[in-house]
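Peer 1: In case you want the letters, here they are:
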Amino acid sequence: MRVIIISGELQQRVFEQMEATYPNEGGGFLLGAAEAEALTVVDIIQVDNVFAAEEQHHRYAMRPQDWMRLEDQADERGLTLIGYYHSHPDSPALPSDYDREHALPNFVYIITSVMMARAADMRAWRLQPDRSRFDQLTLEVL
Amino acid sequence: MAKIRIPTPLRAFTDGAADIDVAGGTVGEALANLLDQHPELRAHLFNGEELRSFVNIFIGDEDIRFLQGLDTEIDANESLRIIPSIAGGLK
Numbered sequence: 005m006r007v008i009i010i011s012g013e014l015q016q017r018v019f020e021q022m023e024a025t026y027p028n029e030g031g032g033f034l035l036g037a038a039e040a041e042a043l044t045v046v047d048i049i050q051v052d053n054v055f056a057a058e059e060q061h062h063r064y065a066m067r068p069q070d071w072m073r074l075e076d077q078a079d080e081r082g083l084t085l086i087g088y089y090h091s092h093p094d095s096p097a098l099p100s101d102y103d104r105e106h107a108l109p110n111f112v113y114i115i116t117s118v119m120m121a122r123a124a125d126m127r128a129w130r131l132q133p134d135r136s137r138f139d140q141l142t143l144e145v146l
Numbered sequence: 002m003a004k005i006r007i008p009t010p011l012r013a014f015t016d017g018a019a020d021i022d023v024a025g026g027t028v029g030e031a032l033a034n035l036l037d038q039h040p041e042l043r044a045h046l047f048n049g050e051e052l053r054s055f056v057n058i059f060i061g062d063e064d065i066r067f068l069q070g071l072d073t074e075i076d077a078n079e080s081l082r083i084i085p086s087i088a089g090g091l092k
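Note that the protein sequences, when read in sequence, are chains A and B.
The numbering used here puts the first residue of the first sequence at 5, with every later residue one more than the last.
The numbering used here puts the first residue of the second sequence at 2, with every later residue one more than the last.
Keep in mind that the hints are not guaranteed to be accurate.
[What the hints assert, rightly or not] If we take Cβ atoms under 7 Å as the criterion, some of the chain B residues that face chain A in the derived model are: (1) Leu46; (2) Asn57; (3) Ile60; (4) Ile84; (5) Pro85; (6) Gly89.
Since the hints were made in silico from the structure, they are not lab data.
None of the values given here were measured: they were computed from a predicted structure.
Idealized CB from N, CA, C, for every residue including glycine.
Based on the sequences and whatever the hints tell you, model everything.
Peer 2: What follows is the structure in structure tokens.
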């Protein structure tokens, strides 16, 4: 699967959240459904950035307990935790080495570039199973 | 047997199974048994012999890093859970 589908409304919610957390990084989980040819984002859930406050302009982290809670919620709703999204303030929507070192395969990483407090670009990525690099996915906004 | 719950993205390496029965008297032995059953998990859980920094093992609500780490003893019917610490950011 190399296509991820997100509605314009959900994309707008991500943009608004990322602009609100600027100049810090923000993020959350992508809940969705996996089908034969594409992944579809059904819902997004904002999760607090718990990285040290003075580092939040270039770092994002969430509590393991948030993963546990949201994975259980997804199971209860018949959905799947398909990925996570975060912002890169005043930088391109390209994954960093830090992103790669902390990434899992089979998971979609949506990065939003926020330039001067305005969401400028959104791209979707997925880690290769050998952890060597991210591949860009086709992001379809419907 | 003890059980280990696998995080969603890694279930592709366990044939889709969320919970895996494992043998072992410690967390480390249980993880070794998990990797014997599903070797493709290793690269994503371990860096050499160490757990990757973003990989957490919980017993109930307790992170094993605040117990005895991989040497933490477990009961035969213990429920373990692998929880990634999601993180990202610029260089």
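Peer 1: Could you run down the list of hints and mark each one as holding or not?
Peer 2: Against the structure, the hints come out as follows:
1. This hint is violated: Leu46/B has a C-beta 10 Å from the nearest C-beta of chain A, more than the 7 Å allowed.
2. Satisfaction of the interface hint for Asn57/B is found here, the shortest Cβ-Cβ separation to chain A being roughly 5 Å, below the 7 Å cut-off.
3. Taking 7 Å as the C-beta contact cut-off toward chain A, the hint placing Ile60/B at the interface is violated, the least distance being around 12 Å.
4. Taken as an interface hint, Ile84/B checks out: its beta carbon lies about 4 Å from the nearest beta carbon of chain A, inside 7 Å.
5. The closest approach between the C-beta of Pro85/B and any C-beta of chain A is roughly 6 Å, which is under the 7 Å cut-off, so the hint is satisfied.
6. With 7 Å as the threshold, the beta carbon of Gly89/B comes within range of chain A, its nearest partner Cβ sitting at about 5 Å, so the hint holds.
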